[in-house]
Structure formats: C-alpha cells, structure tokens
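Trainee: As given, the protein sequences belong to chains L and P, one line each in that order. Here the first sequence stands for residues 524 to 821, numbered as in our numbering. Here the second sequence stands for residues 326 to 486, numbered as in our numbering.
Since the hints were made in silico from the structure, they are not lab data. No residue lacks a Cβ here, since even glycine has one placed at the ideal position from N, Cα and C. Please note: incorrect hints may appear among the correct ones.
Claimed, not checked - Calculated lysine to aspartate or glutamate pairs in the EDC-like style (CA-CA distance at most 16 Å, straight line):
#1 P:K457 - L:D556
#2 P:K335 - P:D360
#3 P:K451 - L:E730
Stated by the list, open to error - Simulated restraints on C-beta separations:
#4 P:S328 - L:Q564: 38 to 44 Å
#5 L:A617 - P:E367: 18 to 24 Å
#6 P:E458 - L:E691: 16 to 22 Å
#7 P:N396 - L:D576: 16 to 22 Å
#8 L:Q600 - P:R377: 20 to 26 Å
#9 P:N483 - L:D576: 30 to 36 Å
#10 P:N483 - L:H602: 41 to 47 Å
#11 L:N548 - P:S328: 20 to 26 Å
#12 P:S364 - L:E718: 54 to 60 Å
#13 L:L588 - P:L480: 15 to 21 Å
#14 L:S783 - P:E428: 22 to 28 Å
#15 L:D696 - P:R400: 41 to 47 Å
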Amino acid sequence: MPDAGMDPVLGRAGDDSTQIQSHLNDTREQLLDELADLLFQDPDGDVDTDQLDALLEKLDEADPLPEPPDPQESLEQFHRRHADLFAAMEAESAGTPVSSPEKKRSKRKFLKFLPIAAVVVVLFGAVTAHADWGIWNIVVRITSEIFQIGGSSADYAIIRTNPLEEGEQASYDTLQEAVDAFGIDAPIVPHEIPEQFELTEVVAANEYGKILIRADYVSNDEVLQIRYKEVGNEDFSSLEIDDPDVKTYFEGGIKHYLLSDLGRQKAFWKNGELECRISGMVSEKEIKMIINSIYEGE
Amino acid sequence: MDSGQDWFDKIYLKYYPKMFNAAMRIVWDRQLAEDIVQSTFETLLLNYDKVRNYENIWGWLLKTVTNKSKNEINRACNRREVSIETMYKLAADDPYEHDNFLEALPRELSEEEKRMLYLHYAVGFKHTEIAKELGCTASASKMRLHRAKVHYQELIENSSG
Numbered sequence: 524m525p526d527a528g529m530d531p532v533l534g535r536a537g538d539d540s541t542q543i544q545s546h547l548n549d550t551r552e553q554l555l556d557e558l559a560d561l562l563f564q565d566p567d568g569d570v571d572t573d574q575l576d577a578l579l580e581k582l583d584e585a586d587p588l589p590e591p592p593d594p595q596e597s598l599e600q601f602h603r604r605h606a607d608l609f610a611a612m613e614a615e616s617a618g619t620p621v622s623s624p625e626k627k628r629s630k631r632k633f634l635k636f637l638p639i640a641a642v643v644v645v646l647f648g649a650v651t652a653h654a655d656w657g658i659w660n661i662v663v664r665i666t667s668e669i670f671q672i673g674g675s676s677a678d679y680a681i682i683r684t685n686p687l688e689e690g691e692q693a694s695y696d697t698l699q700e701a702v703d704a705f706g707i708d709a710p711i712v713p714h715e716i717p718e719q720f721e722l723t724e725v726v727a728a729n730e731y732g733k734i735l736i737r738a739d740y741v742s743n744d745e746v747l748q749i750r751y752k753e754v755g756n757e758d759f760s761s762l763e764i765d766d767p768d769v770k771t772y773f774e775g776g777i778k779h780y781l782l783s784d785l786g787r788q789k790a791f792w793k794n795g796e797l798e799c800r801i802s803g804m805v806s807e808k809e810i811k812m813i814i815n816s817i818y819e820g821e
Numbered sequence: 326m327d328s329g330q331d332w333f334d335k336i337y338l339k340y341y342p343k344m345f346n347a348a349m350r351i352v353w354d355r356q357l358a359e360d361i362v363q364s365t366f367e368t369l370l371l372n373y374d375k376v377r378n379y380e381n382i383w384g385w386l387l388k389t390v391t392n393k394s395k396n397e398i399n400r401a402c403n404r405r406e407v408s409i410e411t412m413y414k415l416a417a418d419d420p421y422e423h424d425n426f427l428e429a430l431p432r433e434l435s436e437e438e439k440r441m442l443y444l445h446y447a448v449g450f451k452h453t454e455i456a457k458e459l460g461c462t463a464s465a466s467k468m469r470l471h472r473a474k475v476h477y478q479e480l481i482e483n484s485s486g
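Bound-form chain L, shown alone (with noise of 0.2 Å):
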C-alpha cells in the first residue's frame, strides 16, 4: 500500500515544506547579507537608497516582519515629545522670531558633558600627583563614554613571540613562565596567591589563531582560575561592563571589575591585547590582594 503522504515525485510531503522552508531560509540570509554588504562594505560611502529600497522589498516579500507600531500613535507621542519644536515651526511660518530649538540642544549637550569632562581632568591630576609621573609617560585608561587618552603603549600587554602552531598546546611550570614563553613584558602575573592554594597546572593553547594562557590552582575541593586571553592587537579600548553589581578596582593605572556570584569572585580587566580573569572561591580581599601583587614592584 503506497505510503500516504508520499508523493512519487516529490517524496514526502513532509520532505517537500522542509526543502521549501529551507529554500526561504537560505533566500532571507542572502538577502540579509546582501543588506550588510551595501550598508557596511563602503563605511565612507553613500548608501544607494534606490538600491535599498528595493533591497527591502524583497526581504519583505521573503522573510515579513511583524507588524510595526501603530503609526497614528506613534505620532501622538512624538507630538507630546516635541511640542517645543512644533511651537517652533509654527511660530517661525507666522513670521515670530524664537530662539532655535537646536542651538538649545547643543547647549544641552555641551553642559552634558562638562561634569565628565571635569572628573577626567580631576582624575589626571590625581593620577599625577599620586604616582609622580612625568604628563607625557602617564597611560590612564579610563573608561568613558566619550574617549580615551592612551600614552606609551610600553605597559600594554602584547603577545610579542608565538611558540604554538595554531591547534597547539603546552604545559609550563609557572605562570611567569608561560607568560614569558609569548613575550608578554607587561605586568599580568599575581606574585602573591592565596596559600591554601597549590599550582596544579599551566597550559597555553592557540586556538584558531588566538592564544589563551590558564592557569588553576587547588585547595580541598575549591579551585582558582586564571585566565588570559588574546583579543587582538587593534582594538586596546577598555574593557566595559556596565552590571550595577560590579564593582570596579583601580590598580597599575587599569580598571578592574569585580564581581561576586555566589560566594565565588571574579575579576575582569583588559590590558592590551588580553583579556584577563581571575575567579575562585576567595574573598573579595583575597582577590584584590592577588590584583595588587600583580603591580607590585612596578
């Protein structure tokens, strides 16, 4: 007896809607990197937006999506958003001089930031007047959402050698070792671990390309993790985590996060082309006291 839903043909019906879905699956990823590419390939250039348009139109009739807001109320809201600005135009078609919304904006802005622009200036000058430094060699990483001010990028930590063929791995001694093994002169290597904690193993890998440095340490059952990880070499923008329950650590001029789940403790923090993690169960003196050892001597 032929199989109902098998069509000699076409196999089964089942097989065929998969096939078909499969089909438009593959059509709306083309599509979408077909968008990527127009908006992203030329950052500098003009977007065709006759291109574009039409572009749209074909995912709509591809992949639809759900229907937008309702326009009509979205309008009221912007309304009530920007009665100033209506006021504006109005006033301005009957002929009544009024102060531009926009240079009001700006204002706005400028005034926005100059508390921050204040904390930079304040923390440069603490940072100077704590550490002694001559202006120019000073590397203070801060993070902010307006800019960074980067020095001699002598402190930074840069994988200089790589002794691993990608999918390689090996083992050292010592964390220092391993370190030292990539070239890495910046200070990233605690010199002071808890002492109920024994070093059982270090293992460096390169990993499609990347290198990642661990190291674990052991007390009864409790473990202590290490990490460091290649992030690449373009990019020493700081790193940002904006969680209400981090804490952030100031130590060597970088910016460490600081974060407790479940009675474990994590530290994060970027320096040059690593990003760095310290977790394990310890006190938050515990790890403060390893991020400290890490610049001592520095």
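Chain P: place on chain L using the hints.
Mentor: Frame of chain L; chain P shown alone:
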C-alpha cells in the same frame, strides 16, 4: 498648501511603517527601531525648511533612518563589550572553556547563531576572521552577530521574565 504641521503629519503617517521596517532590518530591536525612526523625524523637523522642498523626500528619510541605524550597530561593535550576561548566564563556571560555552547557550538559537556567538565571544575572532571562517563578508558577519546577540538577549529576558 498644507501648514507645516499638516505636511509633517502626512509624511509621518505615510512613511513611518517603511522606515520602521528599514530600521528593524538593521537593528532587530523594536524599541530601538522606534527610537531611531522618531529621531529621524526629529531631524526632519529641525531641517523642515530645507527638506520640505526636496523632490525625493522618501529617499532622504530612508538614507537618514539607515545612517542612524548603522550608527547604532557601529556603536555596539566598537565597544569591546564583554557582557556580564554572557559571562554568567552562558557558561556555568568558566566561559573560557569552549565546550561549556556552546552547551550553555539557549537551545532555541539556531546553529548559525550559536556559531557566531562562539567565534566572537569564546574564540575572540574579529569580523574579518569570522568572515574567513564562514565564507561571508565582514559586513555580513557584523550583521549576523548583531542578530544573534539580539535573539540571545530576547531568549534570556524571556526565560528570566
């Protein structure tokens, strides 16, 4: 001739749906798309005198909403962000252990979305490197990663909601 406000309102109601969809195709976030569209109309209002006389107002609107959407994507990409959500709600203990990272990703993510998140967050690839790995352009990688992040965020918020 319509008053300024009448003209503006007609333009808003006529083009809002297409502009919203254009922004959505780029940022994949409804609230953000709405904000971008409103910001575009704010720009229109501030440049009303000039734009009102343009022949192709739709072209101007589309270009503006697209540029604002691109800026949002670029802003997100240029921040070297390591989301605490990513570090904690993904891998149980160690986000640098690659097997845990993949296993801990929500299963509702497609294989491609998981792969994008893995290559970017676990391996630390830039878009040029991801593009080489996946056989696409860096631009496509940027947008695919953005969509994966948005989908991941939605799943996490729904599961904790």
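Trainee: Compare the structure with each hint and give your call.
Mentor: Verification of the supplied hints:
no.: 1; hint: P:K457 - L:D556; verdict: 14 Å, holds
no.: 2; hint: P:K335 - P:D360; verdict: 19 Å, violated
no.: 3; hint: P:K451 - L:E730; verdict: 14 Å, holds
no.: 4; hint: P:S328 - L:Q564: 38 to 44 Å; verdict: 42 Å, holds
no.: 5; hint: L:A617 - P:E367: 18 to 24 Å; verdict: 22 Å, holds
no.: 6; hint: P:E458 - L:E691: 16 to 22 Å; verdict: 19 Å, holds
no.: 7; hint: P:N396 - L:D576: 16 to 22 Å; verdict: 20 Å, holds
no.: 8; hint: L:Q600 - P:R377: 20 to 26 Å; verdict: 22 Å, holds
no.: 9; hint: P:N483 - L:D576: 30 to 36 Å; verdict: 33 Å, holds
no.: 10; hint: P:N483 - L:H602: 41 to 47 Å; verdict: 33 Å, violated
no.: 11; hint: L:N548 - P:S328: 20 to 26 Å; verdict: 48 Å, violated
no.: 12; hint: P:S364 - L:E718: 54 to 60 Å; verdict: 57 Å, holds
no.: 13; hint: L:L588 - P:L480: 15 to 21 Å; verdict: 19 Å, holds
no.: 14; hint: L:S783 - P:E428: 22 to 28 Å; verdict: 24 Å, holds
no.: 15; hint: L:D696 - P:R400: 41 to 47 Å; verdict: 44 Å, holds
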